[in-house]
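The primary structure of each chain is shown beneath.
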Amino acid sequence: NAGVTQTPKFQVLKTGQSMTLQCAQDMNHEYMSWYRQDPGMGLRLIHYSVGAGITDQGEVPNGYNVSRSTTEDFPLRLLSAAPSQTSVYFCASSLGPGTEQFFGPGTRLTVL
Amino acid sequence: GQQVMQIPQYQHVQEGEDFTTYCNSSTTLSNIQWYKQRPGGHPVFLIQLVKSGEVKKQKRLTFQFGEAKKNSSLHITATQTTDVGTYFCAGPEAAGNKLTFGGGTRVLVKP
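Residue numbers (the numbering used here), protein chains in the order written: chain A, 519 to 630; chain B, 27 to 137.
Some hints could be false.
In silico lysine-lysine, DSS-like type, Cα no more than 27 Å apart, as pairs [stated by the list, open to error]:
1. B:Lys-124 / A:Lys-527
2. B:Lys-83 / B:Lys-62
3. B:Lys-136 / B:Lys-85
4. B:Lys-62 / B:Lys-85
5. A:Lys-527 / B:Lys-62
6. B:Lys-124 / B:Lys-62
These are calculated hints, taken from the structure and not from any lab test.
Just so you know, these numbers come straight off a predicted model, no measurement behind them.
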C-alpha cells in the first residue's frame with residue numbers, strides 16, 4: 519500500500535494563478551481532509567469529506583475548493599492564488615475524524 | 027467553534043531530563059489523539075485515549091486523558107535527541123465531523 523500520496527511536493531505560483539493539489543489514498547478510507555501548516559502554527563483544517571460526493575468546510579476554507587468524486591481522490595483547488603496561501607499543505611485520510619489520521623508527505627506552496 | 031490549545035508552544039529540554047506538554051479543549055472530547063511531526067516531515071499518529079482518566083504508556087512517553095475529557099497531557103522521561111519534533115494533540119467534535127488540532131509543542135533537545 520502506498521498510503522496517502524500528494525503531488526506536487528513543491529510548487530511556486532504567481533499571485534492570481536490557479537492550481538490543483540492532488541491527494542490520493544489506497545486504504546479505502548471514507549474520511550479525507552486538507553490542512554495547512556504555517557510556520558510556528560498548528561494544523562488548520564481547510565476542507566474535509568466524509569465520503570464520495572460529500573464535502574464540507576473546515577476553519578479556513580476561503581480561497582479553496584474541493585471535490586470528492588471517488589473514494590480515493592480528494593483534490594484541493596486554489597482558484598486565484600494569493601501570498602497569504604503560502605504554506606505547507608497536508609492531506610490526511612482515515613476511517614473517521616475520531617480515528618487515526620494518516621497524513622501524506624505534504625506540498626510546500628509558495629505564492630509570489 | 028471548538029478550540030484546542032497546547033502549552034508550552036516551545037520546550038527546550040536538556041538531554042536526560044523529563045518534561046510535560048499539556049492540551050486543553052474548549053469542549054468535551056469523545057477522544058484525544060496525539061501526533062508527532064519530525065522536522066521537515068508529516069504528522070504521525072502516536073496514540074488515542076478514549077476513557078475518562080485513561081493513562082497509556084509507550085516506552086518513555088506517558089499519555090493521560092483528564093477526568094472531564096477536556097484536557098490531556100504527554101509526559102516524556104529521560105528525553106533523548108530522537109524526541110525532537112513537534113507534538114500535536116487533536117480532538118474530534120462531539121457532534122460533527124471536524125478534527126481540531128492544537129497548535130503543537132515544539133521540542134528542542136540540548137545534548
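Structure-based check of each hint:
1. B:Lys-124 / A:Lys-527: Distance of about 26 Å is within 27 Å: holds.
2. B:Lys-83 / B:Lys-62: holds, 15 Å
3. B:Lys-136 / B:Lys-85: Holds, at about 21 Å.
4. B:Lys-62 / B:Lys-85: Cα-Cα ~15 Å, so holds.
5. A:Lys-527 / B:Lys-62: holds, 20 Å
6. B:Lys-124 / B:Lys-62: Answer holds: B:Lys-124 to B:Lys-62 is near 20 Å, not above 27 Å.
Checked against the numbered hints given earlier, the structure satisfies every one of them.
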